[in-house]
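Just so you know, the sequences run in chain order S and Z.
Using numbering that gives the first Met the number 0, you'd call the opening residue of the first sequence number 0 and step up by one each time.
Using numbering that gives the first Met the number 0, you'd call the opening residue of the second sequence number 0 and step up by one each time.
Hints are computed from structural coordinates only; laboratory data are not their basis.
Worth double-checking, as some hints may not be accurate.
[To be verified] Quick list of the computed label-pair ranges, beta carbon to beta carbon:
(1) Z/117 x S/111: 27 to 33 angstroms
(2) S/79 x Z/66: 44 to 50 angstroms
(3) Z/77 x S/111: 51 to 57 angstroms
(4) S/72 x Z/102: 35 to 41 angstroms
(5) Z/69 x S/148: 43 to 49 angstroms
The beta-carbon is built from N, C-alpha and C at its ideal position, and this holds for glycine as well.
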Amino acid sequence: MTDEPEPPDAPPEPQPSTPAPTREPRASKRVAWDAAWHRFVPAFWLMGLLLASNVALAVCIRVWGDTLVGDAVVTALDAAIVGAFVLHEWPAVRAALRVRHLGWRDWLLAGGALVAIGVVVQLWFFIGARVFEILEVLEPFRENGWPPWSAVVLVVLCPAVVEELAFRGFLLERLEPLIGRRDALLLQAALFAILHMLPAMLPSHFWMGLVLGVVRIRTGSLVPCMCVHGAWNLFVLIEEGLLEAWP
Amino acid sequence: MSDQPESAHPNPSAPPNASARPPYRPGRGRHARAERARKTRNAGRWVLVIAIIQLLFGIWFGWKHGDEADAALRHLSTMEADEVVELENGEKTTVADLRAAVERERLQVFVIPIGLGVVFFGLYFWARSSPVPALTTALGLFVAVHALEAVVEPASIVRGIVVKIFCVAGLASGVRSALLQRALDREDEDEQESATGSPA
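Kindly produce the complete structure, drawing on both the sequences and the hints.
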C-alpha cells in the first residue's frame, strides 16, 4: 500500500512561514567525533580562567584581608572573560535570552526552583554551621562603608548574569551536543560548585547548579535562571540585614 | 613485475582489491579504540588513588590535629569563658569563642579531607559509566583543592609536585580519550541508524 506512487499533481506540504519555536532544539546537534575535542577545549579554558581569577581573589584576601576593591576587580574580570566566551557562542546564547515564549508555567517552575534551592541550601547551612564558619556576605560592605546598592550590584546582579551566562549559557550549550543532556547538566552543576572554591559550598551549590540547569532546559531560556539566581542572592543579603539602616 | 601495465590500476602500490575495502579512517581502528579505553581506565584509577590518599590523609590529619585540639582545650579550660585573649595575628577574642573555634577546627580538619575523599570515590564509580563528566569534575576539583591549599599554605605547592603533575596529566588525557570515544560511538550509532533505517 505504501508502494503506490504519489500523484504528480499532489499539492506540496504546507510550509510554515516562520519556524515554530521549539523548546529543545539542541538534542539533534551532533559533532563529528574528531572535532569533539576542539569543541570541548574552550569549556576547559573558560573554567580554567574563572578558577584562576578566583584564586587571584583568594590571594588578595589572604594578603590584604577582605578587600572589596579586589572583589569588584575580579567580578569585572570574570564578566570580561565570560563575555568573550559568550560572544564565541553568541547565536545560541542570544536565542536563550529570549523571553517572549515564556508562559506562566515557566515562571511557576522558576518559583518552584527558588523554593527548592532555598529549602535545601538553608538546611545544608543549618547542618554545616556546626562544622564550617558561615561567611557573612554583607559584613565587608558595612565595615568599609560601601553603600547598600554596591552590595546589590556585586552580590546579586553581576553573579546572577555572569554565572548564568557562563554555566547555563556557554557551558551547557557547548557540552550538550558532545556528552548528552544528562551528563552536561551534571557536569555544569559540578563545575559551578567547584568554582565557588569553598568545600562547605560544594553540596549546596551543586544542588543549586542542578536546579538552575533544569530550569534552563525546561524553559529554554536563561532569563528565569538569572531571576532565580539573583532572587536567591538577594534573599541572602536581606537575611543578613540589607534593609536595615547602614550605620 | 614489469609485465603489469601501470595503467591497470590508478594506484600501482595498492592491491587489486583495494576498492572492496572500507576507506581508511584514522582513529577508528581497533588499536586506537583500545588505546583510548586504556587511557580512560587509567584516569579512573587516578581518581581512585586520589580518593584513597584523601581518606588516609583525612584520618591521619584528623587524629593528629585532635591531640593538638585537646591540648588547646585543656589549656583554655583553666581560663574564664568571658576572658579576652589576644591571638597571634593581633585579633582579640573571648575564651568561649576561642573554644568554639577550636572545636570547629577539630571537626573541619577531619570532615573536609574525608568528605573530599568520599566525593572522589563517587567520581571513580561515576567514571565507570560516564567517564567524561566524572573525569572532568575530578580534574576541576583536584586543581581547585590544590590551588586553595596553595593560597592558604604556599609551601604546599611543591609538596608531592610529581604526583600532582601525573594526576593532572592522567586525568586530562583520560578526559580527551573518553570524549573522543564517546563522540565516535555516537557517530557509529548514527551511521548504523542511517544504514539500517532504525535506531541502533
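Verification of the hints:
1. Z/117 x S/111: 27 to 33 angstroms: Given a distance of about 30 angstroms, which is inside 27 to 33 angstroms, the answer is holds.
2. S/79 x Z/66: 44 to 50 angstroms: holds (48 angstroms)
3. Z/77 x S/111: 51 to 57 angstroms: For residue 77 of chain Z and residue 111 of chain S the Cβ distance comes to about 54 angstroms; the hint holds.
4. S/72 x Z/102: 35 to 41 angstroms: Distance hint for residue 72 of chain S, residue 102 of chain Z holds at roughly 36 angstroms.
5. Z/69 x S/148: 43 to 49 angstroms: Taking Cβ atoms as reference, residue 69 of chain Z and residue 148 of chain S lie about 48 angstroms apart, which means the hint holds.
In summary, this structure violates none of the numbered hints.
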